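> Listed below, chain by chain, are the residues.
Protein chains: 2
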Amino acid sequence: MTKQDTKQALLQAGTQIIREKGFNHTGLQEILLTTGVPKGSFYHYFTSKEDFGLQIIEQEAQEHERVLAVYLQDERFSPLQRLRHYFEAKCEFFASHHCREGCLLGNLGQELGDQHEIFRSKLAEVFARWRQQVADCLQHAQDYGEIPPHLDPAALAEFCVNSWEGALLQMKVSKSLQPVQTFMTILFDTVLQRG
Amino acid sequence: MTKQDTKQALLQAGTQIIREKGFNHTGLQEILLTTGVPKGSFYHYFTSKEDFGLQIIEQEAQEHERVLAVYLQDERFSPLQRLRHYFEAKCEFFASHHCREGCLLGNLGQELGDQHEIFRSKLAEVFARWRQQVADCLQHAQDYGEIPPHLDPAALAEFCVNSWEGALLQMKVSKSLQPVQTFMTILFDTVLQRG
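So the protein sequences, as listed, match chains A and B.
My numbering numbers the first residue of the first sequence as 976 and each following residue consecutively.
My numbering numbers the first residue of the second sequence as 976 and each following residue consecutively.
The shape of chain A in the complex, shown without the other chains:
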């Protein structure tokens, strides 16, 4: 493997294990065993487990932003339809994943929000980027006449992202898609209604 491949293998294995077990519960040893990378080599790429975790968050956030942008820039559809297609795709993903794991960023926020200021601050930053993407879409939807002019796209985006995270939490607890389906129905049929 090239150096870049090794680093990427470590990040990928770490992302998957932390998604399943949480950050505190994930041992470096398990990541090294999964990837076959020696400990000394790990510290060539990452200064600490914390540094590793922060790089995982940034990579996950960038990948999420890239996928979201694909949906939100699909000009075949109206702004609100684009947002709906994104959530529909996420619902299909979770259906095929048996309602497990939920959102890595939400999981880490729940686990580390009070414990670790550097993680908390990093997660706050990536959630703000996510909200901004949704707010831009909702601004377009408003310009397009799809949502009423008196609603604030930034506040709606905040509500939308947070309510989605809460629906994913309940999906994980109930092992059912109903919470995310109810989220979709009420978001699109009531909150973002033309009025």
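Each hint should be verified, as a subset may be incorrect.
Identical chains share a label here; the pair holds if one copy fits it or two copies do between them.
[Stated by the list, open to error] In silico DSS-like pairs for lysine-lysine, Cα to Cα no more than 25 Å straight-line:
| hint | residue 1 | residue 2 |
| --- | --- | --- |
| 1 | K1150 | K982 |
| 2 | K1150 | K1024 |
| 3 | K1150 | K1065 |
Keep in mind the hints are simulated off the structure, nothing from the lab.
The structure presented is a predicted model; accordingly, all values stated were derived computationally and were not measured.
Position chain B against the provided structure of chain A, taking the given hints into account.
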């Protein structure tokens, strides 16, 4: 201390430590040290750390239901005002707690929803009880003409409880009350609007 006092002291200390650190990260030793209860005595009250965790969940859920019922049965106010007062009181609580800890039940759902079937199932049960209390209130609000007749109180209650949990997660990440304030504004001014 009486036997009941000892058991209660263990449950209270456990609730607080698990609220801060999560279940996996909480050691029995810390609970014993905090309460001054010997290990043998702990196993007199609880068959295992799992049994202890399940009793903490049930006690927390009952206490939450009791407080929620005080608000929802306050007949000086309309059904929707009662629900609003409950969320306002929770917001004040979190303001005084520096946006820390969030909801114990939500935290445990996030942490254990994929890891531990017995906890997952217990949490699903207590969340269902919570949703039912809110659904009953929203049914009264509908009978009272406060929310439109075409909306489904059970689905609204589900959306409301889950979105609240998502707002609490983001409050913890942002260390700001803004997510819960935005939740309140959009819930009461848009979702539950008379239409």
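> Now tell me, hint by hint, if it's right for this structure.
Verification of the hints:
1. K1150 - K982: neither (34 Å within a copy, 32 Å between copies)
2. K1150 - K1024: Between copies only: 24 Å across chains, 31 Å inside a chain, cut-off 25 Å.
3. K1150 - K1065: within (15 Å within a copy, 27 Å between copies)
Hint 1 from the earlier list is the only one contradicted by this structure; the remaining hints agree with it.
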